[in-house]
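So the sequences go chain by chain: A and B.
Going by the numbering used here, the first residue of the first sequence is number 1, and it counts up by one from there.
Going by the numbering used here, the first residue of the second sequence is number 1, and it counts up by one from there.
Since the hints were made in silico from the structure, they are not lab data.
Just so you know, these numbers come straight off a predicted model, no measurement behind them.
There could be a bad hint or two in this list.
Treat identical chains as interchangeable: a pair holds within one or across any two.
[To be verified] DSS-like cross-link-like pairs, simulated, lysine-lysine; straight-line CA separation at most 30 Å: (1) K578 x K216; (2) K304 x K498; (3) K259 x K145; (4) K566 x K293; (5) K373 x K578; (6) K399 x K329; (7) K262 x K373; (8) K72 x K489; (9) K72 x K285; (10) K578 x K83; (11) K304 x K145.
Residues per chain, in single letters:
Protein chains: 2
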Amino acid sequence: MLRTHTCGELSIKHINTTVTLCGWVQKSRDLGGMTFIDLRDRYGITQLVFNIETNKTLCEQARQLGREFVIKATGKVTERSNKNTKIPTGEIEIIVDSIDILTPASNPPFTIEDNTDGGDELRMKYRYLDLRRSPVREALELRHKLAMATRNYLAGIGFLEVETPVLIKSTPEGARDFVVPSRMNLGTFYALPQSPQTFKQLLMVGGFDKYFQIVKCFRDEDLRADRQPEFTQIDCEMSFVEREDILRTFEGMIRNLFKTVKGIDIPELPRITYADAIKYYGSDKPDTRFEMKFVELTNLVKGKNFKVFDSAELIVGICAKGCAEYTRKQLDELTEFVKRPQIGASGLIYARYQNDGTIKSSVDKFFSTDELKKWTEAFAAQPGDLLLILAGEQNKIRKALNELRLEMGERMGLRDKNKFSCLWIVDFPLLEWNEEQQRWFAMHHPFTSPNPNDISLLDTNPGKVCANAYDMVINGVEVGGGSIRIHNKELQKKIFSKLGFTDEEAHEQFGFLMTAFEYGAPPHGGIAFGFDRLCSLFGGVESIRDFIAFPKNNSGRDVMIDAPSKINEVQLKELNIKSLL
Amino acid sequence: MLRTHTCGELSIKHINTTVTLCGWVQKSRDLGGMTFIDLRDRYGITQLVFNIETNKTLCEQARQLGREFVIKATGKVTERSNKNTKIPTGEIEIIVDSIDILTPASNPPFTIEDNTDGGDELRMKYRYLDLRRSPVREALELRHKLAMATRNYLAGIGFLEVETPVLIKSTPEGARDFVVPSRMNLGTFYALPQSPQTFKQLLMVGGFDKYFQIVKCFRDEDLRADRQPEFTQIDCEMSFVEREDILRTFEGMIRNLFKTVKGIDIPELPRITYADAIKYYGSDKPDTRFEMKFVELTNLVKGKNFKVFDSAELIVGICAKGCAEYTRKQLDELTEFVKRPQIGASGLIYARYQNDGTIKSSVDKFFSTDELKKWTEAFAAQPGDLLLILAGEQNKIRKALNELRLEMGERMGLRDKNKFSCLWIVDFPLLEWNEEQQRWFAMHHPFTSPNPNDISLLDTNPGKVCANAYDMVINGVEVGGGSIRIHNKELQKKIFSKLGFTDEEAHEQFGFLMTAFEYGAPPHGGIAFGFDRLCSLFGGVESIRDFIAFPKNNSGRDVMIDAPSKINEVQLKELNIKSLL
Numbered sequence: 001m002l003r004t005h006t007c008g009e010l011s012i013k014h015i016n017t018t019v020t021l022c023g024w025v026q027k028s029r030d031l032g033g034m035t036f037i038d039l040r041d042r043y044g045i046t047q048l049v050f051n052i053e054t055n056k057t058l059c060e061q062a063r064q065l066g067r068e069f070v071i072k073a074t075g076k077v078t079e080r081s082n083k084n085t086k087i088p089t090g091e092i093e094i095i096v097d098s099i100d101i102l103t104p105a106s107n108p109p110f111t112i113e114d115n116t117d118g119g120d121e122l123r124m125k126y127r128y129l130d131l132r133r134s135p136v137r138e139a140l141e142l143r144h145k146l147a148m149a150t151r152n153y154l155a156g157i158g159f160l161e162v163e164t165p166v167l168i169k170s171t172p173e174g175a176r177d178f179v180v181p182s183r184m185n186l187g188t189f190y191a192l193p194q195s196p197q198t199f200k201q202l203l204m205v206g207g208f209d210k211y212f213q214i215v216k217c218f219r220d221e222d223l224r225a226d227r228q229p230e231f232t233q234i235d236c237e238m239s240f241v242e243r244e245d246i247l248r249t250f251e252g253m254i255r256n257l258f259k260t261v262k263g264i265d266i267p268e269l270p271r272i273t274y275a276d277a278i279k280y281y282g283s284d285k286p287d288t289r290f291e292m293k294f295v296e297l298t299n300l301v302k303g304k305n306f307k308v309f310d311s312a313e314l315i316v317g318i319c320a321k322g323c324a325e326y327t328r329k330q331l332d333e334l335t336e337f338v339k340r341p342q343i344g345a346s347g348l349i350y351a352r353y354q355n356d357g358t359i360k361s362s363v364d365k366f367f368s369t370d371e372l373k374k375w376t377e378a379f380a381a382q383p384g385d386l387l388l389i390l391a392g393e394q395n396k397i398r399k400a401l402n403e404l405r406l407e408m409g410e411r412m413g414l415r416d417k418n419k420f421s422c423l424w425i426v427d428f429p430l431l432e433w434n435e436e437q438q439r440w441f442a443m444h445h446p447f448t449s450p451n452p453n454d455i456s457l458l459d460t461n462p463g464k465v466c467a468n469a470y471d472m473v474i475n476g477v478e479v480g481g482g483s484i485r486i487h488n489k490e491l492q493k494k495i496f497s498k499l500g501f502t503d504e505e506a507h508e509q510f511g512f513l514m515t516a517f518e519y520g521a522p523p524h525g526g527i528a529f530g531f532d533r534l535c536s537l538f539g540g541v542e543s544i545r546d547f548i549a550f551p552k553n554n555s556g557r558d559v560m561i562d563a564p565s566k567i568n569e570v571q572l573k574e575l576n577i578k579s580l581l
Numbered sequence: 001m002l003r004t005h006t007c008g009e010l011s012i013k014h015i016n017t018t019v020t021l022c023g024w025v026q027k028s029r030d031l032g033g034m035t036f037i038d039l040r041d042r043y044g045i046t047q048l049v050f051n052i053e054t055n056k057t058l059c060e061q062a063r064q065l066g067r068e069f070v071i072k073a074t075g076k077v078t079e080r081s082n083k084n085t086k087i088p089t090g091e092i093e094i095i096v097d098s099i100d101i102l103t104p105a106s107n108p109p110f111t112i113e114d115n116t117d118g119g120d121e122l123r124m125k126y127r128y129l130d131l132r133r134s135p136v137r138e139a140l141e142l143r144h145k146l147a148m149a150t151r152n153y154l155a156g157i158g159f160l161e162v163e164t165p166v167l168i169k170s171t172p173e174g175a176r177d178f179v180v181p182s183r184m185n186l187g188t189f190y191a192l193p194q195s196p197q198t199f200k201q202l203l204m205v206g207g208f209d210k211y212f213q214i215v216k217c218f219r220d221e222d223l224r225a226d227r228q229p230e231f232t233q234i235d236c237e238m239s240f241v242e243r244e245d246i247l248r249t250f251e252g253m254i255r256n257l258f259k260t261v262k263g264i265d266i267p268e269l270p271r272i273t274y275a276d277a278i279k280y281y282g283s284d285k286p287d288t289r290f291e292m293k294f295v296e297l298t299n300l301v302k303g304k305n306f307k308v309f310d311s312a313e314l315i316v317g318i319c320a321k322g323c324a325e326y327t328r329k330q331l332d333e334l335t336e337f338v339k340r341p342q343i344g345a346s347g348l349i350y351a352r353y354q355n356d357g358t359i360k361s362s363v364d365k366f367f368s369t370d371e372l373k374k375w376t377e378a379f380a381a382q383p384g385d386l387l388l389i390l391a392g393e394q395n396k397i398r399k400a401l402n403e404l405r406l407e408m409g410e411r412m413g414l415r416d417k418n419k420f421s422c423l424w425i426v427d428f429p430l431l432e433w434n435e436e437q438q439r440w441f442a443m444h445h446p447f448t449s450p451n452p453n454d455i456s457l458l459d460t461n462p463g464k465v466c467a468n469a470y471d472m473v474i475n476g477v478e479v480g481g482g483s484i485r486i487h488n489k490e491l492q493k494k495i496f497s498k499l500g501f502t503d504e505e506a507h508e509q510f511g512f513l514m515t516a517f518e519y520g521a522p523p524h525g526g527i528a529f530g531f532d533r534l535c536s537l538f539g540g541v542e543s544i545r546d547f548i549a550f551p552k553n554n555s556g557r558d559v560m561i562d563a564p565s566k567i568n569e570v571q572l573k574e575l576n577i578k579s580l581l
């Protein structure tokens, strides 16, 4: 190695040792006759010292070093008179004897500091410089640790990591596939996997019993903020299991990850049905770091000649503890919030349960004090609390109240990034009716098993069939989801037919899976976790971008390498395809 | 779980326990009043017993079970009278009380046995059945173990696993890229990476210091036997290193893998220069499990009026210990072998150094006994040895003799799959002249650094420049290769220009890397191992196919899922491309 030590390891016990360090010039300060340089590498920062009186040439050489120059410095470890207690190497400094410039550097286009002056696009373009910043490096170190801990945990309980192929077959059900034209089989295409779903099921048919993989998946979707065309899953499957086994196994995994990676004890995960999640939180991924459950008032408040309520399908609200003192301005802000087009409520009704026990509401002229008192009872509100109520069409209004609840959680400081609330959502509907296409869609995917008791409803009332499916939700984020799968060919055919597949289409796309089921498929089920999201959650950061080494922007571009880009005519010709632009 | 135990864990200490097992019916035997079923899962085989006298209905039900039915059986663990010492569960059997058929099975198209009757294509089509066979399952278990051991070793010495992107940019230098048409950026394409080479270098520029990744790579090449369009690499890179550091680090890794996964101690790896490897083995990946080094006779044998020798550029041979007794037929076979078009020698000269000390050769009429005696001395041959000699154009003849040496090693039983001989090949040439295209090509890749002492030769004698590159070879297989990289923009530009890139082409394809070098690139180097090949080598198997869960055939097809395949018009239209077939 060009160095004897890293920039993060020297301490008081190395005093008088002669060492050689390599790294980047973080900053340089001239103080009278002394020059100080902070030398940085992945492991830390060490202070180099040059004295103009004892070595003029060297000190002048040091003063020429620009930011981000890569240098090698040799010198003696010395105790600092002026110790820096904020960094591990802060007790020592190096009295430098010689330096080599390994590579000079142009001035970086943004500062390499924890709080940089670089904007998003600039940092993406020079991602290799952004990677030098501690927050980004630490995010990727966390990702590495999480991946290692995941693998060691799952391998420790008998799971085998198996790599499934990346060049597979296009199956248009679900999201849009990325495709890859084949040169050796002209006119045909591979697709990149949206998930290894069918392959992991085939591994179960193949007797692999417990499979996992940390694996790249691909979806050619229009990118919303923080969606990436390629993303990583922790993909898992087990044989001879029932739902309970999967929930316990992966509850074990997530609790282990929190313990080993963050030192946090997570209690057993509560389970909430999909129906209750919608009823109490208006969302199938509720943030349960705080309560503030929905309370339905429909029966209590109708028929008092208040048209907004009387014409509403659902009247439902939340109780914001201790917010009775909200100002008019704050309430107006909340009203504006719920009326934003993406939220879509037509207005907000409030009732302040004031500290003196009186109640002041925005609908005082329709409701008596006694009636309002009953509202507070329905919410189990205390003096000092604020009731926020929405009315309208039930699906729309539950979604809107979910947003308002999250907004209130944010305003009230109840969404602490260092607190983690994990739970399972169970008993999802199997099918969703799509009005536009006038057909049923699988809520999870077509391989999800119905609850055994509901199979008879498939013909009579498909919308009522529950799936044997489950999601893991942490802090309002769906981090994982899965199901017990269908392992019976006839049932699988029936589901395909419910989803509008003809027998031919089902056979062409998934014939291999149904054929596999003829040769002895074990009962099986599994789960997949969004690894990028899990990392950002562990890191306490909203965006997943910093947890991906080389992310793409919202147009799916890598602005650093400039991809995608044009390819040459020879390549197009060999593939026998033509770009129609 | 549907079971209490697996089929691989019950032993004498479980006697009288009531257990429930799940698995596949491996085979069924009726012996008079008793029926025996071997139940199989990933963990082993357990014998189930049914007695027609004690439970007629159950026994008859058991007799209906076909091969590969998936069943659940409950019963009591009992000591066997007739123990099977070949399997871990052979001391016990289960007296069954009840069985459930979980899934019936059609008769499999080939037998699920260690030695199956299924041909390659059939086993690929029903890969999920092939995966049930022990050799295939064990191959993938070995792969899992090797991957875990690799990660734990590298993470243990400070390497971070970082995922690099799969959707990148096409760079036509090197092998052919698979490309992915972009829908969001019509008319442009992503490419799938042939390796994460430039990204790992950017991680070094980003200060990551020690990177690794077990990663899928892609090459759209015409497939030779046992080449796959997608393959897996152990990809590694380190900063502030010299060649010695890389060799020691990865020698440490490979020795650790042999120790932890196979319990084998590998000695320190010898290093052979490329020039010596070619001189003594005719190959840059010599199989050094056995000696049989090349001996050059050119000066010794020319000028004796034997035209074959007199007109040859090189006369070179090997000494096959103890093979003097080879029959005429055997020698004819060897002659046929070297004359095969893919080997390309025009003939084979031999000399038997017989046990009585006399020498009999195929060229007796041109060479005296004394002269032949000198040959044996050149080979340090002993009585009983056989000399095999080729003559002709030197590159061609070295290659041919390499093949003959390997063939002799095979025939003499010197290529034991359980013996491992690892070494480094160093000092490769940097550039290779391509006659057809009349230009220099990079022997490794364009990012390889020349040996510092040779840089001046770049302009005067490019063919003589040595690369700071190295390959790891095990048992005649190149398992890994790498180099110290260029980290200086000017040198990188110079190399691109030597390789025939215009400045514009270099900028368009690799501008991002050269720009990165302007902002302070550390000296760095790395290596990549072919993981599929490493697995097959550890498994002692020639073919890599069984070490890949879902391999493609020699036409790049997955015959199980039938990919690649046609995609629908909507997909083509959205991508704005047209297939010209």
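TODO: Please work out whether the CA atoms of K373 and K578 approach to 30 Å or closer within one copy, between two copies, in both situations, or in neither?
DONE: neither (72 Å within a copy, 69 Å between copies)
Task: Within, between, both or neither: K72, K489 at alpha-carbon 30 Å - done: between (66 Å within a copy, 19 Å between copies)
Task: Intra- versus inter-copy proximity for K373 and K262 (alpha-carbon distance at most 30 Å) - done: neither (45 Å within a copy, 76 Å between copies)
Open item on the list: For K304 and K145, with the copy left unspecified, which applies at a CA distance of at most 30 Å: within, between, both, or neither?
Closed with: neither (59 Å within a copy, 71 Å between copies)
TODO: Pop the pair K399 and K329 into one bin, within, between, both or neither, using alpha-carbon distances up to 30 Å.
DONE: Intra 24 Å, inter 86 Å, cutoff 30 Å: intra-copy only.
Open item on the list: I want to check one pair: K566 and K293. Are their C-alpha atoms no more than 30 Å apart within a copy, between two copies, both, or neither?
Closed with: For K566 and K293, the Cα distance exceeds 30 Å both inside one copy (53 Å) and across copies (50 Å).
TODO: With 30 Å as the alpha-carbon cut-off, assign the pair K259 and K145 to within, between, both or neither.
DONE: both (12 Å within a copy, 25 Å between copies)
- [ ] State whether the alpha carbon distance between K578 and K83 is at most 30 Å within one copy, between copies, both, or neither.
- [x] neither (66 Å within a copy, 68 Å between copies)
TODO: Please work out whether the CA atoms of K578 and K216 approach to 30 Å or closer within one copy, between two copies, in both situations, or in neither?
DONE: both (28 Å within a copy, 28 Å between copies)
Task: Status of K498 relative to K304 across identical chains (alpha carbons, at most 30 Å) - done: neither (45 Å within a copy, 88 Å between copies)
- [ ] Measure nothing new, just compare the shortest in-copy and cross-copy C-alpha distances for K72 and K285 to 30 Å and report within, between, both or neither.
- [x] The answer is neither: 52 Å in one copy and 37 Å across copies each exceed 30 Å.
Going down the numbered hints, you'll see the structure goes against 2, 4, 5, 7, 9, 10 and 11, while the others check out.
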